[in-house]
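Build the full structure now, drawing on both the sequences and the hints.
There are 2 protein chains.
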Amino acid sequence: MSKVIATYLVYDQKKNLAKKAESIALGLTVGSWTDLPAIDQQQLRLYKGEVVSIEELPIDQQADTYFDRELIKGLIKIAYPTRNFSADLPAILTTVFGKLSLDGEVKLIDLDFPVELAKQFPGPKLGVNGVRERLQVFDRPLLMSIFKSIIGRDLVFFETQLRAQALGGVDLVKDDEILFDNTLTPFEERIRVARAVLNETEQQTGERTLYAVNLTGHTFELLDKAKKAVELGADALLFNVFTYGLDVLQALSEDPEINIPILAHPAFGGAVTSSTFYGVSHSLWFGRFLRAVGADLVLFPSPYGSVALAKEAALGIAKELTQDSASWKTAFPVPSAGIHPALVPQLLADFQLDSVINAGGGIHGHEQGAAAGGRAFRQAITAAQANIPLSQAAKEHPELATALRQWGGQK
Amino acid sequence: MSKVIATYLVYDQKKNLAKKAESIALGLTVGSWTDLPAIDQQQLRLYKGEVVSIEELPIDQQADTYFDRELIKGLIKIAYPTRNFSADLPAILTTVFGKLSLDGEVKLIDLDFPVELAKQFPGPKLGVNGVRERLQVFDRPLLMSIFKSIIGRDLVFFETQLRAQALGGVDLVKDDEILFDNTLTPFEERIRVARAVLNETEQQTGERTLYAVNLTGHTFELLDKAKKAVELGADALLFNVFTYGLDVLQALSEDPEINIPILAHPAFGGAVTSSTFYGVSHSLWFGRFLRAVGADLVLFPSPYGSVALAKEAALGIAKELTQDSASWKTAFPVPSAGIHPALVPQLLADFQLDSVINAGGGIHGHEQGAAAGGRAFRQAITAAQANIPLSQAAKEHPELATALRQWGGQK
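Residue numbers (my numbering), protein chains in the order written: chain A, 2 to 412; chain B, 2 to 412.
Wrong hints could be hidden among the right ones.
No copy labels: a pair is met if it fits in one copy or bridges any two.
What the hints assert, rightly or not - Okay, derived cross-link-like pairs now, DMTMM-like style, lysine to aspartate or glutamate, Cα gap no bigger than 20 Å in a straight line: (1) K312 <-> E106; (2) K330 <-> E117; (3) K49 <-> D355; (4) K4 <-> E51; (5) K226 <-> D13; (6) K15 <-> D355; (7) K49 <-> D182; (8) K15 <-> E106; (9) K20 <-> E106.
Just so you know, the hints here were simulated from the structure itself, not pulled from any lab data.
So this is what it looks like as structure tokens:
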């Protein structure tokens with residue numbers, strides 16, 4: 002019988018993890034058990050949740066002090082028969098963390114997908130290899146940048162920023178996630194302008210740059226809008242998945258006409274992942290779930306900047322996106338915020354070849370402008386991959402030299 | 002200029018709330034300000050976020066101990082021009098709590114909707130009055146009950162439970178939120194069986210009972226499925242809105258063909274609301290937002306049971322759903338979990354006339370069965386509204402007497 006196994010981190014004041022685990026396993030499936038007649042037990046056996054394991058963890062003094070009581074901290078694993086739910090994340094989340102999300106100190110840490118279930122989720126349509134194919138870049142991390150201070154600006158501003166970034170050797174330029182449909186830079190116009198600019202820069206540089214347009218508006222307009230974007234020549238979609246729903250991203254990914262990469266933005270995701278005691282783990286929320294529903298690239302806070310994630314959490318997300326899977330292609334991790342050229346060797350060491358180096362201020366803030374900012378990153382990437390210290394590479398590359406002076410040397 | 006004002010509870014280690022507030026106001030709108038040329042400031046003034054107020058709160062020793070540093074606790078209010086986003090919750094949430102949700106200890110406490118914006122959200126289609134019209138019940142709180150241990154059971158079991166509840170005088174019977182489409186009790190069959198049973202019980206009792214079918218499956222199937230449900234005679238929809246998205250509920254509510262009440266379930270909602278430091282307040286998440294997008298009834302944890310919400314939080318949700326609004330109809334609060342007949346006077350005092358008394362075990366667990374369980378509640382409601390002590394009413398009502406013996410007397 003196929004089951005999904007959910008792992009919960011619990012802080013239990015009742016000091017009886019076994020009882021708590023059993024009450025979860027029953028409460029989220031058949032409701033009751035020991036008081037049922039044998040014939041009912043026979044019928045319901047296939048639907049009953051099972052406690053897989055209970056692991057008591059060392060006392061968490063910090064938590065005890067905070068809650069002002071002695072708590073047992075532990076990891077509980079429960080197996081839920083897949084026959085209990087339809088093969089969609091709304092049903093799965095409702096089962097394994099619906100009512101339970103409201104029931105005290107419990108965090109959903111992990112959720113496995115048995116192969117039969119995993120196959121019912123699309124995974125990335127293009128994935129790492131597909132995105133690399135589009136760019137014809139196979140041997141280095143990709144370089145991404147973000148429009149900066151675009152709110153309230155017009156298409157001329159948009160075009161100028163985009164051109165500079167593309168000329169700087171940036172592989173992907175993404176919309177600001179807070180740029181919605183608006184009269185100054187309407188959705189379709191942005192795509193048209195970007196298409197023209199990027200065709201032009203490709204002629205100049207010989208390198209392709211992909212523009213990720215922010216797919217926004219009401220949910221039931223998104224499929225048509227995404228198809229229109231493809232038709233107009235959009236290269237990729239940026240999507241604030243957590244303000245819509247994981248299943249909405251899945252629908253975008255599953256639509257064969259929407260054959261461009263989807264870049265999932267973590268906006269609002271911190272509302273679910275930030276607490277130690279509640280919500281869902283970073284690796285599950287930003288990692289496994291987004292890969293399952295079909296994100297090709299996933300942004301999340303880098304472990305270096307001011308909006309920072311603990312390094313373990315950031316690496317955990319990247320691992321979920323890139324590890325081997327029988328069912329899903331790999332997706333690009335895009336650790337973001339606080340990235341400048343001096344961090345490139347560290348990024349390469351931490352996130353490996355199949356990752357995206359993504360900068361905003363680290364490109365636009367370059368003293369010689371965004372194109373030079375892009376070039377500084379590309380120079381840093383080339384040096385780091387050849388194990389040449391950035392300070393040495395900077396001797397031959399003035400853009401990199403400036404960047405190192407601006408943001409400090411190699412970390 | 003129309004603006005939305007967001008209120009954040011922050012714990013700031015930088016000890017400079019003013020600086021933090023300014024960085025939020027700029028970072029989530031125009032990006033930068035003081036270093037901009039005057040001509041750019043001129044152009045961007047209409048788009049710039051503004052700090053409305055900064056209120057430092059007393060030191061929170063518990064938080065300082067937990068984080069092991071001195072934190073300034075405060076409430077920050079920021080105004081965002083509505084011209085910055087489209088009038089949909091994904092855009093609004095991305096603006097006011099997108100990136101910010103990932104940026105340290107910050108919780109979104111409140112978000113006002115200026116009238117012009119509120120009018121672009123539907124609010125409840127039927128609301129309190131519309132649901133009362135359907136039931137022809139105007140002078141008492143409604144009584145709701147839940148199928149119990151329905152997973153793994155067939156349509157005969159479903160029919161038997163539904164009939165007993167309806168005969169007990171229950172106004173609304175809702176599906177278990179973890180019951181999805183399945184071969185034993187398929188979606189359409191449940192509606193057909195319920196329609197037949199409830200037409201029959203109405204003949205017997207003279208009272209109408211509404212059945213809320215769980216609307217599940219992939220997002221882009223939901224509109225058609227909901228219309229099919231209406232066509233087959235479903236009385237109401239149960240919807241696990243937080244595993245889909247607030248905007249999905251809005252689409253259901255806005256569709257004129259889906260002219261039946263929508264009952265929003267809080268499943269997974271606790272992942273966003275439970276922490277003191279992160280996420281969104283209960284009153285906003287379960288209250289204002291669900292009313293804005295069109296829930297007619299909203300379940301949330303009662304302040305009485307084992308899966309409990311603090312009383313202030315539960316009352317805060319109810320207030321958001323029922324207070325006067327120029328733009329939206331009122332919605333029914335449905336405080337749930339741990340409800341039995343002896344709590345009815347307390348429920349009436351706390352949640353007033355326009356609320357729903359909702360029980361699972363408190364109805365099905367009645368020694369004389371679910372019909373008697375329902376009757377005990379109705380007897381308790383009648384007594385409580387007449388200010389008659391339950392113990393006195395129980396002398397004339399054996400079902401209530403049994404319930405009081407089983408669950409204890411009036412609280």
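Going down the list of hints, with the structure as the test:
In this assembly of identical chains, the alpha carbons of K312 and E106 lie at most 20 Å apart only when taken from different copies (18 Å versus 24 Å within one copy). In this assembly of identical chains, K330 and E117 lie within 20 Å of each other by CA distance solely inside one copy; the values are 16 Å within and 45 Å between copies. With identical chains, the CA atoms of K49 and D355 are never at most 20 Å apart, being 41 Å at best within one copy and 37 Å at best between copies. With identical chains, the CA atoms of K4 and E51 are at most 20 Å apart within one copy only, with a shortest distance of 10 Å there and 51 Å across copies.
In this homomeric assembly, K226 and D13 never come within 20 Å of each other (Cα to Cα): the closest approach is 47 Å inside a single copy and 40 Å across copies. In this assembly of identical chains, the alpha carbons of K15 and D355 never lie at most 20 Å apart, being 46 Å within a copy and 36 Å across copies at closest. For the identical chains of this complex, K49 and D182 are inter-copy neighbours only, at 17 Å across copies versus 48 Å inside a copy, given an alpha-carbon limit of 20 Å. Taking identical chains as interchangeable, the C-alpha atoms of K15 and E106 lie at most 20 Å apart only when both belong to the same chain, with a minimum of 12 Å there against 28 Å between chains.
For the identical chains of this complex, K20 and E106 are intra-copy neighbours only, at 15 Å inside a copy versus 33 Å across copies, given an alpha-carbon limit of 20 Å.
In terms of the numbered hints stated before, the structure departs from hints 3, 5, 6, listed from lowest to highest.
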